[in-house]
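*Asks:* What follows is the residue order along each chain.
2 protein chains.
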Amino acid sequence: MAGSAATEVLGAVFIAFAAAQVGKEIAQRLKLPGVVGEIAAGCAVGPFALNWIGKNQVPSLELFAELGAVFLLFAVGLETRLADMRRIGKIAFLVGSLGVVVPFLLAAGFGAAQNYSLAKTLFFASAFVATSAGITAAVLQEKGLLSKRESQVILGAAVIDDILAMLLLGVVSSVSKGKVDLAELALVVVQAIGFIVLIGYLGTRVMKKAPALLDKPINPKSPLALSIALCIGLAFLAAQIGLAAIIGAFLAGMIVAETKHQHALAEEVRSISELLVPFFFVYTGIQVNFGILSSMDTVLFILVVTALATLGKWVGGYFGARKLGHQSANVIGFGMVPRGEVGIIIASLGYKAEIFDEKLYGIVIAMSLITAIIAPPLITRGFARIKESKEEERMEPATNPT
Amino acid sequence: MAGSAATEVLGAVFIAFAAAQVGKEIAQRLKLPGVVGEIAAGCAVGPFALNWIGKNQVPSLELFAELGAVFLLFAVGLETRLADMRRIGKIAFLVGSLGVVVPFLLAAGFGAAQNYSLAKTLFFASAFVATSAGITAAVLQEKGLLSKRESQVILGAAVIDDILAMLLLGVVSSVSKGKVDLAELALVVVQAIGFIVLIGYLGTRVMKKAPALLDKPINPKSPLALSIALCIGLAFLAAQIGLAAIIGAFLAGMIVAETKHQHALAEEVRSISELLVPFFFVYTGIQVNFGILSSMDTVLFILVVTALATLGKWVGGYFGARKLGHQSANVIGFGMVPRGEVGIIIASLGYKAEIFDEKLYGIVIAMSLITAIIAPPLITRGFARIKESKEEERMEPATNPT
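Protein sequence lines correspond, in order, to chains A and B. Quick note: the first sequence, position 79, residue 79 per our numbering, numbers continuous. The number in our numbering is simply the position in the second sequence, starting from 1, with 402 added.
Please keep in mind that the hints were generated in silico from the structure rather than gathered at the bench. Here the structure is a predicted model, which is why all the values come from computation and not from measurement. Some hints here could point you the wrong way.
[Unchecked claim] List time: in silico DSS-like cross-link candidates among lysine-lysine, alpha-carbon distance up to 27 angstroms:
{"#": "1", "chain 1": "A", "residue 1": "K216", "chain 2": "B", "residue 2": "K545"}
{"#": "2", "chain 1": "B", "residue 1": "K522", "chain 2": "B", "residue 2": "K761"}
{"#": "3", "chain 1": "A", "residue 1": "K148", "chain 2": "A", "residue 2": "K260"}
{"#": "4", "chain 1": "B", "residue 1": "K457", "chain 2": "A", "residue 2": "K55"}
{"#": "5", "chain 1": "A", "residue 1": "K260", "chain 2": "A", "residue 2": "K208"}
{"#": "6", "chain 1": "A", "residue 1": "K31", "chain 2": "A", "residue 2": "K148"}
{"#": "7", "chain 1": "A", "residue 1": "K221", "chain 2": "B", "residue 2": "K433"}
{"#": "8", "chain 1": "B", "residue 1": "K618", "chain 2": "A", "residue 2": "K221"}
{"#": "9", "chain 1": "A", "residue 1": "K221", "chain 2": "B", "residue 2": "K789"}
{"#": "10", "chain 1": "A", "residue 1": "K31", "chain 2": "B", "residue 2": "K623"}
{"#": "11", "chain 1": "B", "residue 1": "K550", "chain 2": "A", "residue 2": "K221"}
{"#": "12", "chain 1": "A", "residue 1": "K387", "chain 2": "B", "residue 2": "K623"}
{"#": "13", "chain 1": "B", "residue 1": "K725", "chain 2": "A", "residue 2": "K143"}
{"#": "14", "chain 1": "B", "residue 1": "K623", "chain 2": "A", "residue 2": "K260"}
{"#": "15", "chain 1": "B", "residue 1": "K610", "chain 2": "B", "residue 2": "K623"}
{"#": "16", "chain 1": "B", "residue 1": "K618", "chain 2": "A", "residue 2": "K31"}
{"#": "17", "chain 1": "A", "residue 1": "K143", "chain 2": "B", "residue 2": "K789"}
{"#": "18", "chain 1": "A", "residue 1": "K221", "chain 2": "B", "residue 2": "K792"}
{"#": "19", "chain 1": "A", "residue 1": "K216", "chain 2": "A", "residue 2": "K260"}
{"#": "20", "chain 1": "A", "residue 1": "K216", "chain 2": "B", "residue 2": "K433"}
{"#": "21", "chain 1": "B", "residue 1": "K725", "chain 2": "B", "residue 2": "K792"}
{"#": "22", "chain 1": "A", "residue 1": "K352", "chain 2": "A", "residue 2": "K120"}
{"#": "23", "chain 1": "A", "residue 1": "K221", "chain 2": "B", "residue 2": "K545"}
{"#": "24", "chain 1": "B", "residue 1": "K550", "chain 2": "A", "residue 2": "K148"}
{"#": "25", "chain 1": "A", "residue 1": "K208", "chain 2": "A", "residue 2": "K90"}
[Stated by the list, open to error] Listed below are several chain A residues computed to face chain B (Cβ distance under 8 angstroms; list not exhaustive):
{"#": "26", "residue": "A18"}
{"#": "27", "residue": "Q21"}
{"#": "28", "residue": "K24"}
{"#": "29", "residue": "E25"}
{"#": "30", "residue": "L214"}
{"#": "31", "residue": "I218"}
{"#": "32", "residue": "P220"}
{"#": "33", "residue": "A225"}
{"#": "34", "residue": "I228"}
{"#": "35", "residue": "G233"}
{"#": "36", "residue": "R381"}
Ideal Cβ placement from N, Cα and C applies to all residues, glycine included.
Construct the entire structure; sequences and hints are all you get.
*Replies:* Put into structure tokens, the structure is as follows:
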């Protein structure tokens, strides 16, 4: 029978999914990461271009996009062990912190030079800060690089980055309203750190001690069903206390990665990701408003802002990870560059609070998207260079004698 | 970062999913089919009971529920071969047709006895007609019965049933508006049959002749990605021409079942189903309004209507499948009983057109849901009896001589 409203949305779901596959295929044939093609496909079919997905249909894709990011980071968590995270903890902390401080200062300086108000400067600088872990994680997964030390540093740093960005946004929101409640801010930070430590540490411990937990129900697919419940539940909890939902999903993945089901679950979650993740990237692309590019001034402004945003993150990441050597630090710097949906969310908050005008709002969104598109090729190239230099090292002893 | 509206919906998504798992587990421990527990869980957490999922959150689950039904029937299609369907074609046609005619006549007689207007009688009778394939399909899949001849007859009959129900609803809508456009109705039917024949027949042929089609893209998961695209695309097309979206998904499953990827895809789609299908059943349960049960009169009325609806479908299915023997015909009759979401959609149409008052609307919804809840245990018991009688037959020659 026809008739339900959900049926009408099926068309938009189909277009988004099919466009993502076409975009991914084209990108991969051009030797680009698949996500670049998926974001570009979103740009193409969205309301600002072909309009195959109209403005009214975009909101119904939002939950899919959110769950796409959640299951992407869940899959990434499934390939991450707590022991690895602890080994790279200090460097990840340094990368995450410097990756927040440097772009913030750069952007604040730029805002001051433009004579922005204090509130505007602070909000603008905050949008420079938050890394979108999803885009980098997808590239690392696609290229089979998740087990590399550099990848683990990037993921760890993204968690630190998210805590700091949340804290910063709290401060900035308070300042722009004219009052800073230090006690409240402290509570927010304690909650966030408590959540991550408690879930990440205790969760993995419980799983290790009682690995049969996932097999208790009658349902033969119970390990998957319970893992999904854990993933969505922790994603929701993380969002509730002000962290990104994907941080909860990442922790959930790390927890079930401690069980004997790790590999079977990774395989099953990959099937779910194949359905949901494309919506995350298409949705990112759908939001690009090409109208903003009509003035040459704005285009230049966007280029400058994007260059600053890229440079800031790269410098912060690079110096945070310097200890690991030039090539590794370089790739880690690039890994922190994408802002994606997180920058868009901050831009929306600034716009809703009437601190950003429409133009600055559009510019910050453009910066978020451009960094999301340029980072993936930089990351894959950086990893290729690490491989080359390692091969050279290995070759040298053999070639020297000849 | 916090803030997006989709994040707030995550809570409802979590509750729906977790409740479904708990309900399923309890039902299975009580030796009931899992879907009964999932529907009951939906009743429990919905806005008319515990209200853990509020009225405002229900619509955001609708797309998930729809996709759950779509992927359920896709998975069922993946376990169905065109050759099997052709073998049982005639009986399925008989079961589907009688399963429409008998309940329609019973309900029309009841409506006339109640002095309903012509339009009201016709709409009421139409709500008796449409079988929800999803609920029966889930039971058959859960119990591993999809390859049985009886199951194939039920699935084939559900397709016929949906075409006839669509035709009937077209006629009824026209009559209630006072004008019947025969040419338009004929077009609708030709479209529907054309869609099914073209997709079902040509699609499977193309797949058989060019099985490498699914492996063409670079993406190593391309068979799954392309199958998902086909599934959502055909579901959308089916809905566009007035059929149930799940019919398109079922055909998509049958098409890719003709490739060498059948078993791998079935496994992968099972992982996706594990995530999405619970939303279909929870959503069905969520819509139960217990308020309607406060008057004893209404309760009695619901019981009579439900008894008629169950009897009508069972008789139609039974006599359609009589050739297959008593036990098989019995199970096929029960397999056609659930109305579920299809009855609810027709009730909504009647209510919106002001042909049903609020009470009759509630009664038809109650009938749809009760048939959905009572059918699964009847189906599993019926299959158990077939097994028993076969075992007895096999035993007899051995036991007679002693």
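*Asks:* Which numbered conditions among the earlier hints are violated in the structure presented, ordered from lowest to highest?
*Replies:* 8, 13, 17, 18, 24, 30, 32 and 36
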